[in-house]
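Enquirer: The chain contents come next:
Number of protein chains: 4
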Amino acid sequence: MLEKLKQEVYDANMQLPKLGLVTFTWGNVSGIDREKGLFVIKPSGVDYDDLKPSDMVVVDLNGEVVEGEMNPSSDTPTHTYLYNHFPTIGGITHTHSPWAVSFAAAKMDIPAVSTTHADTFFGDIPCAPALTEAQIKEAYELNTGKVIVDEFEKRGVNPDAVPAVLVSQHGPFSWGPTPAKAVYNAKVLEVAAEITYHGLQLTRDEIHVPQYLLDKHYYRKHGANAYYGQNNAKSKDHAAHI
Amino acid sequence: MLEKLKQEVYDANMQLPKLGLVTFTWGNVSGIDREKGLFVIKPSGVDYDDLKPSDMVVVDLNGEVVEGEMNPSSDTPTHTYLYNHFPTIGGITHTHSPWAVSFAAAKMDIPAVSTTHADTFFGDIPCAPALTEAQIKEAYELNTGKVIVDEFEKRGVNPDAVPAVLVSQHGPFSWGPTPAKAVYNAKVLEVAAEITYHGLQLTRDEIHVPQYLLDKHYYRKHGANAYYGQNNAKSKDHAAHI
Amino acid sequence: MLEKLKQEVYDANMQLPKLGLVTFTWGNVSGIDREKGLFVIKPSGVDYDDLKPSDMVVVDLNGEVVEGEMNPSSDTPTHTYLYNHFPTIGGITHTHSPWAVSFAAAKMDIPAVSTTHADTFFGDIPCAPALTEAQIKEAYELNTGKVIVDEFEKRGVNPDAVPAVLVSQHGPFSWGPTPAKAVYNAKVLEVAAEITYHGLQLTRDEIHVPQYLLDKHYYRKHGANAYYGQNNAKSKDHAAHI
Amino acid sequence: MLEKLKQEVYDANMQLPKLGLVTFTWGNVSGIDREKGLFVIKPSGVDYDDLKPSDMVVVDLNGEVVEGEMNPSSDTPTHTYLYNHFPTIGGITHTHSPWAVSFAAAKMDIPAVSTTHADTFFGDIPCAPALTEAQIKEAYELNTGKVIVDEFEKRGVNPDAVPAVLVSQHGPFSWGPTPAKAVYNAKVLEVAAEITYHGLQLTRDEIHVPQYLLDKHYYRKHGANAYYGQNNAKSKDHAAHI
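In order, the protein sequence lines correspond to chains A, B, C and D.
FYI, in full-length UniProt numbering the residues of the first sequence are 1 to 242.
FYI, in full-length UniProt numbering the residues of the second sequence are 1 to 242.
FYI, in full-length UniProt numbering the residues of the third sequence are 1 to 242.
FYI, in full-length UniProt numbering the residues of the fourth sequence are 1 to 242.
For the record, the hints were derived by calculation from the structure and aren't laboratory data.
Errors might be hidden in some of the hints.
Any copy will do: because identical chains look the same in the list, a pair fits if it lies in one copy or spans two.
The list that follows gives simulated cross-link-like pairs (lysine-lysine, DSBU-like), each with its CA atoms no further than 30 angstroms apart [unchecked claim]:
no.: 1; residue 1: Lys181; residue 2: Lys137
no.: 2; residue 1: Lys18; residue 2: Lys137
no.: 3; residue 1: Lys52; residue 2: Lys137
no.: 4; residue 1: Lys52; residue 2: Lys18
no.: 5; residue 1: Lys137; residue 2: Lys221
no.: 6; residue 1: Lys216; residue 2: Lys137
no.: 7; residue 1: Lys4; residue 2: Lys181
no.: 8; residue 1: Lys221; residue 2: Lys52
no.: 9; residue 1: Lys216; residue 2: Lys154
no.: 10; residue 1: Lys107; residue 2: Lys216
no.: 11; residue 1: Lys107; residue 2: Lys4
no.: 12; residue 1: Lys4; residue 2: Lys216
no.: 13; residue 1: Lys154; residue 2: Lys4
no.: 14; residue 1: Lys36; residue 2: Lys4
no.: 15; residue 1: Lys181; residue 2: Lys18
no.: 16; residue 1: Lys107; residue 2: Lys137
Since this is a predicted model, take the numbers as computed values, not measurements.
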């Protein structure tokens, strides 16, 4: 079942080592079929070299395994929670990419300080609070999803506009309309963290980009008036508008 | 048309991933035929793996597409503006290389602190100011070219002697007599930014190199008395002058 | 003799360059056969490209070479001491991986600041004190083992729960139930050092993770209730517990 | 002439890109035949991909080209000066490796803070002063050699025991008994700079290793009582001395 989605999720998982985002098996990607209410996720702790599309595990939105010989990622409850509460997303990525984890260890948002960030993230990447002892003991991975969703709600951030988060003391999660786009966003997050780290060491000035630059760069690539790339109606017009 | 220049621009674009200067599609190189008043530029948002010489787009100095099936880089108006105002340059490169972007995020010049920098850049690499809200709304990419040219004019810097710039909150542009040389300068800029970052963390002393060292290193590689490499009349003489 | 263990130790040694943990020949892995009381270790100063399984040297627990044409690693007395005093370990790795050595140079523990660390190390990675002049002159490599064991005893740290150490001014040692696991732990140590370094530069706040998070992450992967990966009885159950 | 030495110098030059020590053509290695009083050096500004053993240029100890179609490295006068004043060395390497250049930009010695450094360098790696305007104008490359030799003499440092230097505002030179060993030392210098940089950011404590540790590590690998590697009489004995 879901052979096409399994292939897509497999391909997205295999991008993680190619993009330098994982050490050993420390990452996972899932993708959802919204019509069927089922998602497909990498099995837990399997080497990328050994992974096959048929190893992907099918899970329903209650977190129950529907098909698959192997155990799904131990982060499956986090994915389940995010799919249930962010209804527009189609794929999720979790890694321990080192620049992003450094900000998570410091419990700091990744502030938007350049257009590299703003092209993908419409504002700071939030750092959700660390789980409390009670939350960890009750249901660790599920509550990891909960602190993420609560933080977006509390801040009034749209997860489609800022498709990533850090969880304090832990690391990054990203998402997107497809598994491939979730991986893309995981890479941008890591590059943005690297750039921002160095920018913050160079100066003690406030270096957030202004809202109007966020607007410009985000809408250059997203929405009805986007003109970056080959698939936007406005692209050709724009080049001439100088 | 311009088949030779298309190949040259294609080759220069393909150097960007080889030199570690781009993530995904975040970079572009163009080259100009000054006699015809036409330049050739990478199409927007195309993967380097999929790129072919015939994909290159031909644009005139009004920024109008003259030939090409694909949309040109969204940064085309910046290239157009630079070609119009820096009449001696033959190629332009734009990347989001991370060390350079870190300085742009911090809105800092890259000071000339070593001969690695001075061999290519005859002084600090300027950081042009961030665009104002009005400049962004009016014509973002064109005004990106304008703040660059204005900054060089205001400082009295010769773009042939300092063939690169940062734009605050955004990133680096470099140029040169050819597309290949523009890419070379983009790499030197990135290495210079890396070295300078670490030098600035090691000490709080002023570490600019003096003007006479800039003179020595720049003219060792450039101009009538250059003696570095194989194509300078003075090279062989020099080795014996000890 | 010990052909299977020699192959295993050879394979583990060859992982060191693949994981980016060694420059030149600066690393070694050993593995022990506890029943026979013999361990197998890399010869001293041999290029990884030239290494063969049959080059591995067999040493007894008095540190005497039992079989092998080549000199064993100069760190052999350290390995011997550790095998004698940490009776549960089956393999040892020593490298000069640069992030770990930076902490050793600064004579600092690597504090547990993220789950990346906590998944493998059940607390801070101790930095053992530098050897005194007398210790160095008496028996340098043996006393390197001694300061490690003394530090674990003094702190009451279980070497199975925190399977790595730094020696001040020198660098990291790691261990595990097998040579392959000792190398795995050497890599996690290096990644944890990289992440922690950057976390410590980002903030002056105290960023240790709390004990309950250490408990959660360590026991998620270790012990009777582990549920990460494919070989734990509890794994499948867990995914459904949301 | 000197075909064997040309091959040796060619091979050593080709190690520079493999070890990640050069960008573009920014590095050179030479080797000397002390009996003939001639040395062999890389030609100036030639891509490593295009380099052939027969391109190597033969130069005498007056710095005159004796054989070769191409211009020798523009740094030839520095090599000449060093061969004339450090009579025991057999090969020289110059690179712009970025960690080393960062210390040169900051005009700082690389302090010996770990055994990784002490295994190769018997003390701090000196940073020679920047050339004065008069020295640059008179004979830049020759005086680069002179400030190096003067600094070693002023400090009373033995160039065989500390086989590398930084020149302020410029970068590293290293040397050794052979061209290959000079390249090895260039790599150790770069790794030591990387480690030391991070150590210095982690703590404000004084972190120099003590003299007795320098003694131990240097003589473990060098001289009559060396026991590291396969070619030392003492190696096998040592392993048993625990």
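Enquirer: Indicate, hint by hint, whether the structure satisfies it.
Expert: Hint-by-hint comparison with the structure:
For the identical chains of this complex, Lys181 and Lys137 are inter-copy neighbours only, at 28 angstroms across copies versus 33 angstroms inside a copy, given an alpha-carbon limit of 30 angstroms. Proximity of Lys18 to Lys137 under the C-alpha cut-off of 30 angstroms is found in neither arrangement, the shortest distances being 35 angstroms within a copy and 38 angstroms between copies. In this homomeric assembly, Lys52 and Lys137 never come within 30 angstroms of each other (Cα to Cα): the closest approach is 34 angstroms inside a single copy and 49 angstroms across copies. Taking the shortest Cα distances, Lys52 and Lys18 sit within 30 angstroms of each other both inside one copy (16 angstroms) and across copies (23 angstroms).
For the identical chains of this complex, Lys137 and Lys221 are inter-copy neighbours only, at 15 angstroms across copies versus 42 angstroms inside a copy, given an alpha-carbon limit of 30 angstroms. With identical chains, the CA atoms of Lys216 and Lys137 are at most 30 angstroms apart between copies only, with a shortest distance of 8 angstroms across copies and 44 angstroms within one. In this assembly of identical chains, Lys4 and Lys181 lie within 30 angstroms of each other by CA distance solely inside one copy; the values are 16 angstroms within and 36 angstroms between copies. In this assembly of identical chains, Lys221 and Lys52 lie within 30 angstroms of each other by CA distance solely across copies; the values are 23 angstroms between and 33 angstroms within a copy.
Proximity of Lys216 to Lys154 under the C-alpha cut-off of 30 angstroms is found in both arrangements, the shortest distances being 25 angstroms within a copy and 27 angstroms between copies. With identical chains, the CA atoms of Lys107 and Lys216 are at most 30 angstroms apart both within one copy (29 angstroms) and between copies (19 angstroms). For the homomeric pair Lys107 and Lys4, neither the shortest alpha-carbon distance inside one copy (38 angstroms) nor that between copies (46 angstroms) is at most 30 angstroms. In this assembly of identical chains, the alpha carbons of Lys4 and Lys216 never lie at most 30 angstroms apart, being 36 angstroms within a copy and 36 angstroms across copies at closest.
For a Cα distance limit of 30 angstroms, the shortest separation of Lys154 from Lys4 qualifies neither inside one copy, at 36 angstroms, nor across copies, at 57 angstroms. When the C-alpha separation of Lys36 and Lys4 is checked against a cutoff of 30 angstroms, the pair qualifies only within one copy, where the shortest distance is 14 angstroms, while the shortest distance between copies is 50 angstroms. In this assembly of identical chains, Lys181 and Lys18 lie within 30 angstroms of each other by CA distance both inside one copy and across copies; the values are 15 angstroms within and 24 angstroms between. Only within a single protomer do Lys107 and Lys137 lie at most 30 angstroms apart by alpha-carbon distance; the minimum there is 21 angstroms, versus 35 angstroms between protomers.
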